[in-house]
Amino acid sequence: MTLGRFISWAILVLVAIVTLFPFYWMVMTAIMPTDAILSRNPSLLPDLSRVSFAAFAEVFRARPFLSWTINSLIVSLGSSAISLVLATLAGYSLSRFASRPQQALGASLLISKLIPATLILIPLFIIYNNIGLFDTYIGLILANMTVGIPLATWLMKGFFDRIPRELEQAAMIDGATQLQALRIVILPLTKPGLAASGVYLILTSWSEFIFARTLISSPAKQVLTVGMQSFVGEQSVDWQLLMAAGTLSVVPAIILFVLLEPFLVSGMTKGALSAS
Amino acid sequence: MSISSGTEDGSHGGTRLNFYRRQQILSYSLILPAALGVLTLILYPLYQVVDISLREGRVMNFARIHDLPLGFGNYVRVLTDPQFWNSVLVSVIYVGGSIAISYAIGLGIALLLNERLPGNRILRTIVLIPWAVPGIVLGIMFLWILDSSYGVFNAMLRDLGILSADFPWFVDRRTALISVMVPTIWKSYPMITLTVLAALQSIPRELYEAANVDGATHIQKFRFITWAGIRGPSMLVLMISALGIFRDVDIVFGTTGGGPAHATETMSLYVYREAFNYFRMGTATAVGTVMIIVALMIGAIFTIFAQRSKFK
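Chains A and B are the protein sequences, given in the same order.
If you're matching positions, the first sequence starts at 1 in UniProt numbering and goes up one per residue.
If you're matching positions, the second sequence starts at 1 in UniProt numbering and goes up one per residue.
Pulled out of the complex, with its shape left as it was, chain A reads as follows (with noise of 0.2 Å):
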């Protein structure tokens, strides 16, 4: 290796260790004591001999953190799974038929994306509370496909794209409708464009934070994100324990991303090459 790029190798592992570096911290001030961390000095490196998961368990005593993470689990899978249903649908759509009308439908999918969430959620919160959505999931689940489904639909354009027509084609001169046509030949060729959609679509619904403050008033169907930010703001901060809740709220999120990292980025670079 030459000593330039030595220099660029040192670079990066350097950044990849300030990137890790509040992971780090999380994690240790979780499973530190709290003598340890509260301290004016802490020690950077874990004293392996003290290290303790009580931490861990404390946060499923002391707040509802079963709860809140069983219902980002309703309010993520529910809406993600509608969500790639209907833009999987809409992508084949946009990319099989390029009608006007229906580029003006495609296009105003993206356009919807300038809105910022706490603009649409006045409205939201008018007519939930006039129509009886207020406070249900499937009023959040409703409103977090609004955030989903454009990119997503935009994403699975992208991958029809890359399949050629004469596939289905020739599936439909055997005689499958153009769905059937669509179910069992195309749909198995883009298995990886459904997962970097679908990934997509978890990890932006589990990360939702605004919607579920405004639109859920219960403390029952409270999700994660919500449950984390009430431990800030109160007078005296449990650091440990939100460290130790803040770990475990984002370990799904960060297994997902990392099992399936090659399709979400293979897909989302290319849908943003194409698009540019």
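It is worth saying that the hints were derived from the structure and are not from the lab.
A portion of the hints provided could be inaccurate.
[Unchecked claim] Covered stretches of chain B (in silico footprint by chain A; criterion: 3 or more residues with CB under 8 Å from a CB of chain A, positions within the stretch not fixed): (1) 19-31; (2) 115-122; (3) 144-154; (4) 245-251; (5) 282-291.
[As the list claims (entries may be wrong)] Residues from chain A that keep clear of chain B, each with C-beta distances beyond 10 Å, as calculated: (6) ASP47; (7) VAL185; (8) ALA220.
Here a beta-carbon is modelled for each residue, glycine too, at the ideal position from N, C-alpha and C.
Here the structure of chain A is known, so what remains is to put chain B in place on it, guided by the hints.
Positioned in the frame of chain A, the structure of chain B alone reads:
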């Protein structure tokens, strides 16, 4: 679509017409669920937003908000409110600053990752991880690291002799906004890195070889080959990131909540507080309408830049 009548075999043409009609119906019915969902959940509310912003007065019962008289009072009230102009300034600094630094970092890392160094793939995954973390959790992580009494950042600065006493990064008016930008940049740079890296990898190697033959300098090679190749995708990812930072409130919520004394109150947060802390829906939607116009302008500016780079 006029195919059937001219053909000699009427029945055959009929089925073909049917086939095209069916295709057309199918094409719309496939996109309609998504479009209807998004349109009713976004465009209809958008119409409501503009309508509410033009209604003056207060009602306690939200069902009756559309009975209020029409007028521009909310806009007058907002545009003469120093707090609104403060939020505009905060948004400009917050979005502009975060996006500029994120791009500088993202571009630098992408150029390094493009050199195909050992451990390249794992490093790429690592620098992308912040993107997957919820904004709220991120805010809380940095709140702890930058905590005035027990934060590890202050401890490091004290050890290095840079700081003699505790410094309340999120509480001091002078540093609060910069402190909020740190987690924002940390969350934004991965997507920029990724997009720029993909653009770099799509630049043909032969271009650099040809430039070497012609004796081009490093700066010339960057300007005419590298920059030309990444400019379009950069504009797109910058636009998406800028709009995201402009819209989102999670990180501000998780750290300062807009304080101290409105020093970190962005336009997005201003809308939220007007609407859901004070229930002044009229002024909140008036600010929101202004925000949409700003967002459309951001979109237009970047689109123009991206379009121009295509023809160069």
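A quick look at each hint next to the structure:
{"no.": "1", "hint": "19-31", "verdict": "holds (count 7)"}
{"no.": "2", "hint": "115-122", "verdict": "holds (count 4)"}
{"no.": "3", "hint": "144-154", "verdict": "holds (count 5)"}
{"no.": "4", "hint": "245-251", "verdict": "holds (count 5)"}
{"no.": "5", "hint": "282-291", "verdict": "holds (count 4)"}
{"no.": "6", "hint": "ASP47", "verdict": "15 Å, holds"}
{"no.": "7", "hint": "VAL185", "verdict": "16 Å, holds"}
{"no.": "8", "hint": "ALA220", "verdict": "20 Å, holds"}
Hint compliance for this structure: no hint is broken.
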